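Visitor: For reference, the chains in residue letters:
2 protein chains.
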Amino acid sequence: MESRGLLHFLFILITTLLLFLFTKAWFNLIPNKSDLLNCSNYSPWCTSKNRFQSKSSNNLFYHSNEKSIQDHKTHIPHHPLDPLTIQEMNRAKSILLSHPPFTTSSSFTIHSLVLEEPEKALVLKWRKGDKLLPRKASIIALLHGQIHLLIIDLESNKVINHELRETKTGYPTMTIEDMNSAPWAPLSDANFNRTIVSRGVDLADLACLPLSTGWFGTKEEKRRLIKVQCYTMQGTVNFYMRPIEGLTVLLDMDTKQVVEITDLGIDIPIPKASNTDYRFFKQPNKPLMMRVMNPISIEQPKGPSFVIEDGHLVKWANWEFHLKPDPRAGVIISQARIRDSETGVLRNVMYKGLTSELFVPYMDPTDAWYFKTYMDAGEYGFGLQAMPLDPLNDCPRYARYMDGVFTASDGTPFIRSNMICVFESYAGDIAWRHAESPITGMEIREVRPKVNLVVRMAASVANYDYIVDWEFQMDGLIRVKVGLSGILMVKGTPYDNLNKVPNNEKLYGTILSENVVGVIHDHYVTFYLDMDVDGSDNSFVKVNLVRENTSPEEGSPRRSYLRADRNIAKTEKDAQIKLKLYEPSEFHVINPTKETRVGNPVGYKIVPGGTAASLLDHLDPPQKRGAFTNNQIWVTPYNRSEQWAGGLFVYQSHGEDTLAVWSEKDRPIENKDIVLWYTLGFHHIPCQEDFPIMPTVSSSFDLKPVNFFESNPILRMPPNLEKDLPICKAAASA
Amino acid sequence: MESRGLLHFLFILITTLLLFLFTKAWFNLIPNKSDLLNCSNYSPWCTSKNRFQSKSSNNLFYHSNEKSIQDHKTHIPHHPLDPLTIQEMNRAKSILLSHPPFTTSSSFTIHSLVLEEPEKALVLKWRKGDKLLPRKASIIALLHGQIHLLIIDLESNKVINHELRETKTGYPTMTIEDMNSAPWAPLSDANFNRTIVSRGVDLADLACLPLSTGWFGTKEEKRRLIKVQCYTMQGTVNFYMRPIEGLTVLLDMDTKQVVEITDLGIDIPIPKASNTDYRFFKQPNKPLMMRVMNPISIEQPKGPSFVIEDGHLVKWANWEFHLKPDPRAGVIISQARIRDSETGVLRNVMYKGLTSELFVPYMDPTDAWYFKTYMDAGEYGFGLQAMPLDPLNDCPRYARYMDGVFTASDGTPFIRSNMICVFESYAGDIAWRHAESPITGMEIREVRPKVNLVVRMAASVANYDYIVDWEFQMDGLIRVKVGLSGILMVKGTPYDNLNKVPNNEKLYGTILSENVVGVIHDHYVTFYLDMDVDGSDNSFVKVNLVRENTSPEEGSPRRSYLRADRNIAKTEKDAQIKLKLYEPSEFHVINPTKETRVGNPVGYKIVPGGTAASLLDHLDPPQKRGAFTNNQIWVTPYNRSEQWAGGLFVYQSHGEDTLAVWSEKDRPIENKDIVLWYTLGFHHIPCQEDFPIMPTVSSSFDLKPVNFFESNPILRMPPNLEKDLPICKAAASA
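Residue numbers (numbering that gives the first Met the number 0), protein chains in the order written: chain W, 0 to 733; chain U, 0 to 733.
Read the hints as simulated data drawn from the structure, not as lab findings.
Small disclaimer: the values here were computed from a predicted structure and weren't measured.
Careful: at least some of the hints might be erroneous.
In silico BS3-like pairs for lysine-lysine, Cα to Cα no more than 25 Å straight-line [as the list claims (entries may be wrong)]:
no.	chain 1	residue 1	chain 2	residue 2
1	W	Lys-499	U	Lys-301
2	W	Lys-579	U	Lys-541
3	W	Lys-499	U	Lys-577
4	U	Lys-505	W	Lys-285
5	W	Lys-579	U	Lys-572
6	W	Lys-577	U	Lys-722
7	U	Lys-119	W	Lys-541
8	W	Lys-505	U	Lys-593
9	W	Lys-579	U	Lys-119
10	W	Lys-314	U	Lys-301
11	U	Lys-119	U	Lys-499
12	W	Lys-505	U	Lys-301
13	U	Lys-593	W	Lys-728
14	W	Lys-127	W	Lys-285
15	W	Lys-593	U	Lys-499
16	U	Lys-314	W	Lys-541
17	W	Lys-728	U	Lys-301
18	U	Lys-572	W	Lys-728
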């Protein structure tokens, strides 16, 4: 050590000691072993205190949790796509530990340990009662800076594949331990502690977040990096509203060394705590100035109409599908099939549907914000961030819940209770109707109520909450809905009023409260939809609505009308779709070998709803990495290795392995096993109503049968009659 | 009469006599007086038989109908915007009959008799308990080909205004009697009867529709015209699926004279009746191949949480608004106000919202189809076509219903029972949520269920059913949703299979069943939204999201980001908006004189959802008449006379009095009382699932608070607890 280095070391030591003496909360702050366990147990967002009361229903959750741990230990797989059980995970881990180089090193981390799904062809052939297909585990591990991809055969107890991958195209999803340890690391740095204290923040009140760095050039290469930004919890659990603005710590994620501290916001006050707590029991004890609401509930006294067979096979009305939790995607729907209500035939619609990636670029190019261009699935694990659902509030009364079983970075399984719910929804909507005038001879009024089946998860990726619904409708439609709620990521500002902001000063957002700016950002959620419409080989057809001008010879009083042109996409580039209001099209996935009775190809169409498109420069590093959002729709030939739109390894990726890159290969897609990709977008200019917690904003798209059925598949569905409805009394009167 | 005319007359006479002898159903066919009454009583779609059983719930409807007639006779108005009561309508009629020229003529027809709303300023000042503002009736009547506009003061019993209007800009909405008598008129024409019989259709099975002609030039000028096309009811109530293709009768609507018969489809077979009936009791007695559905219901054992005061004032949660049925618009929402849940102040949001016009152009330029470019509100009366809702199927259990009171063409009032329903909807959705990891110290999972209040009507404009929902949410959002269901207007075709259609032959649609083509068409529904955000004087602000490229001096690793530019629309042309995915904007209606605590202008934004734009040639006569669909958004200064986007007189209009024409005046709209117009569009390429009745397709747009509240207005809303939910048992077990 050089003398200069020694001086530096001594300075840090002394500063730390001083801090030790003058900071009352030091003992609370140092994460002792049991705290770490407590805090590290699968929680990415670590805070330094454990002082918050849970409401009573959480106790319930813990009860069910303990019970479900016992249940899960005895689970066995029933279906080729069932996720790994606890036993299988433990087996995979022990096989890995007997496989070099993992036998001799304890310094590896497991970033993914999930089922290696059998070949699609085998799954499609498999029938209940058949012998289960060979069970395999897929492991992604990091060891000495290298990515290991392993496939383990759980029958032969052998590693049957072992590949090394370059890290230059990106790193695997962070482990929970990565996310959990990073926020503590800056505390070892005296400069960091000093600036915190100098800003008037008690270190005991500190809450820090692990923020993925993205990739912007050589600075973000050759090592795993993460940024940490902090907040104060003083006076509120909603620390997100109290940013310590401009302070960013760049860490080496593996060594936990502070690489760089940027401290630019020293003059920016920390916004006040008042009015930020959103918990019910913390609300001011004054009347809510609105009419009292009577209880309202979706009631099904005979219970729900669906079953979940063997833990994962959902059967409801005319639908059947396999449902499982996944640490990266959240929810995976497999083999969605619909029974033709007339013929009784169970027909394939979609082999696999999942949330492939999210892309959330913030619109502020300054130091503490430019890198905020999150990819929540590939960087954080969308499923890992899915928290237990709150019965009666997240999902209605007759919901059933499914747990996730995931692994920690050492391969130890853990259970995420109540991660997914399944329920029937009736909102008072109408499935179909027709009335003729009731006073005439044609006394017809035929109406059918609309009941849907919803599969829901809610991922809390730090501040934001994403609610993802897969809604199955009896008419064959699948609606995929994304709801955004939770808490904004906000920026501290010197201004407490918009009128005080100099005209030439950019806020990059909206003042939401005194000294709080909600920064403009986008959300893109990209879905992988492996459509198998009546079989695996399908074609993608653009049905373009085009204005046709009439010719004088036609003699029509009309000058124009719309005609529908069918254009079959031959290769991938034909299916790179930018939606245009004034160049409208329908987008069909058809089975070119199957026709209806009257000769139409059977198909499903994807129907976009309200959406947004990314406008960032295609050469901007975040947009290069998020290039899968360059179009709203893409179609690729089925390829096992192409499931994650941002690439398998998204963390610090350069954008070299995205859907946009694959699609440029321009492979044939006609009459092939094809995958449809859809990106649902939101522009979000925050407003004061989003403070301190955001009312849910939703958007959706539909997969809708188009000449898939010979006629309306719910024609013969019965109407509601008074005698069918439950008899209810108020609970309070019981 | 010339000898040639005499011969022609004799020929018709003899043919008619022959038909009399050989047509078994003649006696059923001739509409005798009581039949006419039965059939004409406010039913636009007349059919020649009265042979259909009603299901038991319809009897219920008649009961409530008789009761409600008694109720309505004693109704008195309570609010300045309350619709005319039966007594007031009768008074207005008698005053009219004592006013020249209506004293001496019985040949006038009343096309509209509704409340003349008081001046907006007076209504805004009026408070409950104040003397009711002077009640006035507005009458539109036709007499000897002239349009009379009258305003009658119901206190002084005097006509206080009487104007004559030119008919060249269009005729008033048809009366029910117009619509009802037109379909019978062709039966007086022997050629018509002959062609019907020659196509193998029993005249007793005939069902004919009155179709507005539109305007395509001099042919459709100087007299009221209507076209009639017919179907056979043989074997089905769903006659719409059995068109007598290519036969169009042009009638003079006033004289009921046949102007022209076009008979082009003689070789086109009438599609078969099988599989077209949609009534439940007529469905084949075979099992539906799907899992049994258990009953499901929205239950509120303590009853709904809203009240409807004085018949029209709806109060729910933080919302209050005036609700009334209207013969033209269907539903009118007035004075929508929301109570700030923190301050208790009731704040104005929207003075008036209504469905201003519909435009439904079909995309087939041939003789029997080119003119099908309907404007359902101005031509048919969207409210007149709103049929009674079916309890438990159209609206859930705890819905309350509101009747419409309208007048027949002689001014006699009648009641449209259960025309509107109001109910609370809970679909299992989430109003807001946030979870922190449940295992860490931050044991937070706060979720609020989402309950909405829905106002619904369903108009059956012949075949199509439009479901219009005004959905009020507690977070201040108003969602306006349009659902399309009912039955397609289809075209007969010689082909029973797509593969038999010669390549160069245009179908203008999809083969839905043997010999049935579903013709491509669009739907546009244009809403009038008189926004009064915290007061009448508002501004329209385009918040454009624009890509900003960073400059090298900024030193940002980012190349681009989005910034929000606020552009206040100065005049109407600044607010002619075509939505563009790649040029995104938010559209705010703000109050420029009111700011939030932190300096943001208070506002509401209009948030489009999925929509479609009209692509027709702007010079095409239908598009000229429907020019209000040329943009998705318009803003005009408030003007009492500009409420109907297609003009006050839409029937056979030339497009000289539309929203597009008014907007070209380019009047100032900044800090003025402004009206926002939004058009929701659908392209509809029919598919087999739409046969024989269509599953509902919906789209919507939102009016959403944007810095209207200081913070999330539902922050303090309580969560659901088990003890709040009802205790229910199955009805069958009772």
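Visitor: Against this structure, judge whether each hint is valid.
Guide: Each hint, compared with the structure:
1. W/Lys-499 - U/Lys-301: violated (51 Å)
2. W/Lys-579 - U/Lys-541: Within the cut-off at roughly 20 Å; holds.
3. W/Lys-499 - U/Lys-577: The hint is violated at about 34 Å.
4. U/Lys-505 - W/Lys-285: violated (68 Å)
5. W/Lys-579 - U/Lys-572: holds (23 Å)
6. W/Lys-577 - U/Lys-722: Between W/Lys-577 and U/Lys-722 the Cα gap is close to 50 Å, so the pair fails against 25 Å, i.e. violated.
7. U/Lys-119 - W/Lys-541: violated (50 Å)
8. W/Lys-505 - U/Lys-593: holds (23 Å)
9. W/Lys-579 - U/Lys-119: Judged against 25 Å, a Cα distance of about 40 Å means the pair is violated.
10. W/Lys-314 - U/Lys-301: Violated. W/Lys-314 to U/Lys-301 sits at ~34 Å, over the 25 Å cutoff.
11. U/Lys-119 - U/Lys-499: Not satisfied, since the Cα-Cα distance of roughly 61 Å exceeds 25 Å.
12. W/Lys-505 - U/Lys-301: violated (52 Å)
13. U/Lys-593 - W/Lys-728: violated (46 Å)
14. W/Lys-127 - W/Lys-285: Violated: W/Lys-127 and W/Lys-285 sit about 58 Å apart, past 25 Å.
15. W/Lys-593 - U/Lys-499: Judged against 25 Å, a Cα distance of about 16 Å means the pair holds.
16. U/Lys-314 - W/Lys-541: violated (48 Å)
17. W/Lys-728 - U/Lys-301: Answer holds: W/Lys-728 to U/Lys-301 is near 8 Å, not above 25 Å.
18. U/Lys-572 - W/Lys-728: Given that 25 Å is the threshold and the Cα spacing comes to 57 Å, the pair is violated.
When each numbered hint is compared with the structure, violations occur for hints 1, 3, 4, 6, 7, 9, 10, 11, 12, 13, 14, 16 and 18.
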